[in-house]
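**Q** Protein chains in written order, with numbering that gives the first Met the number 0: chain Z, 0 to 381; chain Y, 0 to 334.
Keep in mind that a hint or two might mislead.
For lysine-lysine, the following BS3-like pairs were computed, each having C-alpha atoms within a straight-line distance of at most 30 Å [claimed, not checked]:
1) Lys240(Z) - Lys272(Y)
2) Lys104(Y) - Lys231(Z)
3) Lys256(Y) - Lys240(Z)
4) Lys231(Z) - Lys272(Y)
5) Lys256(Y) - Lys369(Z)
Residues from chain Y shown here face chain Z by an in silico Cβ test under 8 Å; the list is partial [said to hold, decoys possible]:
6) Ala59
7) Met113
8) Ile117
9) Ala121
10) Ala125
11) Leu133
12) Trp304
Source of the hints: derived by calculation from the structure; they are not laboratory data. Even for Gly, the Cβ is constructed at its ideal location relative to N, Cα and C.
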Amino acid sequence: MSDIAGTKPALRWVVHASVIFLVVLWVVPTLGLLISSFRTTDQIATSGWWRSLFPSEQNLTLRSAAPETQVLENGMYVIEGNLFDGGTKATISKWGISSRAVDAFAPGDTAELRKGGTITVESAGNYRMENPEEFTGSRGSRVFVTAELPPEFTLDNYHKVLLAEDSTDSMGRAFFNTLTVTIPATIIPILVAAFAAYALAWMDFPGRALLIAAVVGLLVVPLQLALIPLLKFHLNIGIGKGYLGVWMAHTGFGMPLAIYLLRNYMAGLPRDLIENARVDGATEFQIFTKLILPLSFPALASFAIFQFLWTWNDLLVAKVFLIDASGQTTVMTNRIVELLGTRGGNWEILATAAFVSIIVPLIVFFAMQKYLVRGLLAGSVK
Amino acid sequence: MHPAFQGLLTIAIGVSGCVGYFYLSNQFLDRVLFPPRGPNAGRNINRANMIRPWLFLFPALAALGLYLAYPVVETLRLSLTDRVPGGGYKWVGLDNYIQMAKEPKFWEAMRNNMFWLIIVPAMSTAFGLLVAQLTDRIRWGNLAKSLIFMPMAISFVGASVIWKLVYDTRPAEQDQIGMLNALYIFFGGTEPQTWLTIPFWNSFLLMVVLIWIQTGFAMVILSAALRGIPEETIEAAILDGANPFQIFFRIKVPQIKTTILVVWTTITITVLKVFDIVFAMTNGQWETQVLANYMYDKLFRANDWGVGSASAMVIMLLVAPILVWNVRNARKEME
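Kindly produce the complete structure, drawing on both the sequences and the hints.
**A** Shown next as structure tokens:
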């Protein structure tokens, strides 16, 4: 439209530039967390994640090989090797052998060691220690270097967070607990709500309009109100804190949106279809299972995604109805909050743990975005 | 029993229980109670049709009643009572509310909530509208929308971690690893700031997290509304020589006014319930308390059910106007 009228090219540029700016603004925080989860503890603590994409200058404390590796060459005891292990391609710009003068020497210089002998360090990290007498001690000498290191990423954090069995940082168990909460809490409300939605959409009975209004009203009731009364109720009927309680709670809390979404969708199905089926002698139960359910698939999918995201991401309901003192039934969101408390500065653990919990909803989100959007459009009360 | 197995079993029991209930109760109605044959066939069919809706509705109504309607009444009752040590309750009238009104923390939460209520819906809606309009006509608009929509899928807790990294502070002599401090230093700031501990302003930094999440929601709805505007109105405006800004503010925005209102109120409700972000990032310290977190503190840390319920009722009271408005709109639509 605007194209027909001929938009000024300058304005188009501004539009593109502002959209790029906004997208970057929205994506960068998440990107920072993702990149951080692939960095080592040292890297995260010493430089911003945005530097990890480029070679960075770092101050490192390295150690030569232990004296036991020395060899006798022409009357001199010699230790040779490379300060960087694992084939890191670094370039040393300055080095030193004392923590008070970490940049005393340039690559190629030779320094006098305190315990006797000399050390020469080349820019690639190769060193040669020489001593007319035998090197002593059990550990190698410390070498302080200022080096430019290439970008380096690691999967260690994921290994630690996901697989370490006994580790206090482990998310493996919480991951399965979250899954255990989520799946029944997504499937059961759909089924219960679908029948009710059909009754509200296509059956005639006194009080129907009132019920629909009640559902709309309950849509916005804050679940905060439900915490104490229902915890009391769960304790009274003997299920206490546990999976059953949290499944029931999620079913109850998801019900208004489920009924609302499904009823709106079902009410929009063609009337002829249902009338014809009735004339042909189908029972209501048959109409529902054979006709309405398959036709309502888009609405069912929309709600399923909502409920899945909501139960997966939930913290409050799990804290109140599920997690007991033993901590065996903790969910990922709760683990992360605990980690924020105990490991506030350990970004490699936090970032990885957070990303493990984020990745599943993100996959669901990108795979089923169409249904999510459709559900949002139908679900916001117009 | 392993919880995963227990989960599978629950799905099986839950699903088959639901299907079984619906199937068997229908069978019972049609075969045993009111069979559609014999001398009373006609009357039986009518009776069965009167009962059937309630069979379909019963499980859902039970869940709604127990998990949402009953708690409203029960919380109201609890807010007017105090627990007596050793069991039982005693009626205390409005004492809990009076006690709450005397606490500075409550008023801090109220003040912060008011800021949240104004700023988050306004900014989310404004950004959402801006993105919806800007991406409307460009080729990679859908990709851009997808990326801005993405935070919707991220939990409040995950988002809190993401933004805590942005707000992170290191001692002045070290490299800053938080983006905000890095930018602050880059643009001439001298000392790195511990952003989340600066009273008053830190609340706004927490709001940023929710705005970041909710903008995508506003954008999706408003984008659909913008597409729904009749082309003729815009064509006419262009022919009359309106510039793009006039078209946007004078032609488009007035036509999607109701949708903007819907988005605004929906985000308002989310804001009232916001708990996870404050809980995870500051836990209400440094004057960032909000009502939902205040309530959680009272209920589960101070173990004071009376005042906790009273603060829950305050949240309910703030939601009530939107509830009434929604119900009235829904009824109008159905007529």
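**Q** Between Lys256(Y) and Lys240(Z), does the CA-CA distance stay at or below 30 Å?
**A** Judged against 30 Å, a Cα distance of about 45 Å means the pair is violated.
**Q** Given Ala125(Y) was flagged as interface, is its beta-carbon under 8 Å from a beta-carbon of chain Z?
**A** Violated, because the Cβ-Cβ distance from Ala125(Y) to chain Z comes to roughly 12 Å (cut-off 8 Å).
**Q** Between Lys256(Y) and Lys369(Z), is the straight-line Cα distance small enough, at 30 Å or below?
**A** holds (25 Å)
**Q** Once the shortest beta carbon distance from Leu133(Y) to chain Z is found, is it less than 8 Å?
**A** holds (5 Å)
**Q** Regarding the hint that Trp304(Y) lies at the interface with chain Z, is the smallest CB-CB distance below 8 Å?
**A** Result: holds, 6 Å to nearest chain Z Cβ.
**Q** How about Ile117(Y): closest beta carbon in chain Z under 8 Å, or not?
**A** violated (19 Å)
**Q** Against chain Z, is Ala59(Y) within 8 Å by beta-carbon distance?
**A** Since the shortest Cβ distance to chain Z is 3 Å, the answer is holds.
**Q** Do the alpha carbons of Lys231(Z) and Lys272(Y) lie within 30 Å of each other, as the hint requires?
**A** With Cα atoms ~21 Å apart, Lys231(Z) and Lys272(Y) stay inside 30 Å; holds.
**Q** Does the structure keep Lys240(Z) and Lys272(Y) at a Cα separation of 30 Å or less?
**A** holds (23 Å)
**Q** Is the hint on Ala121(Y) kept, meaning its closest Cβ partner in chain Z is under 8 Å away?
**A** Status violated, d = 17 Å.
**Q** Just to be careful: measuring from the Cβ of Met113(Y) to every Cβ in chain Z, is the smallest value less than 8 Å?
**A** For Met113(Y), the interface hint is violated, since the closest Cβ of chain Z sits about 17 Å away, which is over 8 Å.
**Q** Does the structure keep Lys104(Y) and Lys231(Z) at a Cα separation of 30 Å or less?
**A** Given pair Lys104(Y), Lys231(Z) holds - Cα atoms ~27 Å apart, limit 30 Å.
In terms of the numbered hints stated before, the structure departs from hints 3, 7, 8, 9, 10, listed from lowest to highest.
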